[in-house]
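These protein sequence lines are chains B and Z, in that order. Residue 361 in the working numbering sits at position 310 of the first sequence, with consecutive numbering throughout. Residue 128 in the working numbering sits at position 77 of the second sequence, with consecutive numbering throughout.
Derived from the structure by calculation, the hints contain no laboratory data.
Partial selection, computed: residues in chain B whose CB lies under 7 Å from chain Z: (1) N283; (2) A290; (3) N306; (4) P381.
Small disclaimer: the values here were computed from a predicted structure and weren't measured. Beta carbons are placed, not taken as given, at the ideal position from N, Cα and C, and that holds for glycine.
So you can see what is in the structure, the chains are spelled out below.
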Amino acid sequence: MKTFVLVVNRLAWFVPTLLGLLAIVFFISHVIPADPAAFVAGENATPETVAAIRARLGLDQPLYVQFWRYILSILDGDMGRSIYTGRPVVEDLLSRLPATLELTLVTVLVSIAVGVPLGVVAALRRNSWLDHGLRVVTIAGLAIASFWFAILLQLLFSMRLGWTPLGGRVEGWGPEQITGFYLIDALILQDHEILLDALQHMILPVVTLAVPATATIVRFTRAGMLNALQSNYVLYETAMGYPRRLVIWKYVLRNALIGTVTQIGLIFGILLAGAVVVEAVFDWPGLGTFAVNSILSSDYNAVMGFTVIVGTMFIVVNLVVDILHGMIDPREVR
Amino acid sequence: MTSDLITVRGLKVSFASDAGIARVLDGVDLTIRRGEIMGLVGESGCGKTTLARAILGILPANAARIEAGQIRFEEHDILDLDEASLATQLRGRQIAYIPQDPFTAFNPVFTIGTQIDDLMRFKSPLLREGRLSARERRRADRLRVLEMLRLVQLPDPEGVLRKYPHEVSGGQRQRLMIAMALLPQPKLVIADEPTTALDVTVQAQILTVLKRLARDRGVAVLFTTHDLGTAYEICDRITVMYAGQEVEEAPVADFFARPSHPYTRKLLDSLPSSENGIRGITGEIPRLVDPPPGCRFHPRCERATEECRTTRPPTHAVAVAHDVRCHHPLQDSA
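With the rest of the complex left out, here is chain B:
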């Protein structure tokens, strides 16, 4: 019941949040001194041609009119055509979304699987060499520039050692499209060759993205554990002889993860939007690459579409985080 109220509440906020987001991005992208009409018309176009194209695209109208039209068309499920590819933006986005989602999800899962246990161990062995070592590694992991780290990985593992492919999602064609997630599609089709190949292509981009994400999770889990370990309930549970393992991995961890879950939500959002650089380095055909190209060619519709998609996902992830929160921490009442 509480969860239901929460979901309804969040959905009610969804529309105004998205409208605000759209307005901001719309006006920012339109005050940038760039002329998409000129870009479409090409270098040798006459001023008349450019003006005609501008009128056709609706770019000669006042900004608020353009914005209003845009909102109306989005309600129809139409985000306009990409000026650059000439295809409907919705199609472009949907074809690229699974690639980014797959990369992001795998990264988050890997980061949790590695980060949470490391954070717990660091807290249990506070101030041991292991804790100090992890601190150095995590700070380095947070500070490292991902494009540099990505190139370094490519140089070592792809160029020097030849263990992993340089980029892309698979060698040649992907599996037959069912969900667009190659790993899942390959599993459904029982195609182990493609599955293995897709996994190999994933290693380096996932590692690049997972390093800072894992570092964040380690640090928050450690802090949460230390906080919870000093609480009165741990003293009580110890005094009553609850087994240490039960106290740590059940009673303390659940409390410690409250903060970590919030961070995982943020990480997810950051990964979705911020995979841009990593996707570019690894030639990953996802939203990031698409966004870069769109921005470089002043492709308003595409940039806006990208924003809507990422904004929506961010809101959805936040909703999921809130629901998880409510499940982990029953005191959460809104």
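Using the hints, position chain Z against chain B.
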């Protein structure tokens, strides 16, 4: 089988603090007999809680050091036992614990039922018999839990088990703590100021429940409090602690009729009454980093002589089962 359940002899515990080494317990002697309720009375910082935790073996390992002494519980030497056997054999089974603050002693993110189930899973007295299958035992334990919750006078025992700790009142939580302490059928319950955090009206009810159940089951209780009125209500014998030492020990009637230590006398005088109003004790609790030489109470004692300033008073009997640590104990009750 002697009548002594637990004997503490010459226990010295020190804490590392910023100001230096604090001798929080400085040679404490204490004996609790089977089935008796022993009140441990003293001001904040006198070492009550440290003594209680030393018996449970849950002093903070990094800050506290046990310098000397012995804690004998039946055939066990608690200070010689390793953590694992303490946790599995003594804590929660033979020695149970009722914490000071029922608000924070429950784990906030698990239902009360889960926390009690886990306790019974490891501390149920039926485990010792070992005749029942796991399933039979769980069912039997369930009934015992509900029965116990009725005995501590919780309304709606089944409902309480499904609730989270923050959903029940402080008084109910402390009733639950009493129930959890008694469920494993321990021989000793350590109740560390169990009513301090509660409303005065609730305090009396909780004390009545604790006293009746402990009596019925022949469970010994170490009851720490700074409130002599509370101690009078519930205890068979009272030990007064001052600055890390026990200074007087007597059966409750004798204690209130013939207080022999000047400090005890002042404690009794400080109880608010219609004739005297509220009277405090002049002077301050000594710093435990460098305590006064000789008798630790001498700076606040108008009976103090040169002997008190230089020589530590020995413990000696002033009546049957009535011991005092003072050079010049008060002789009469006037």
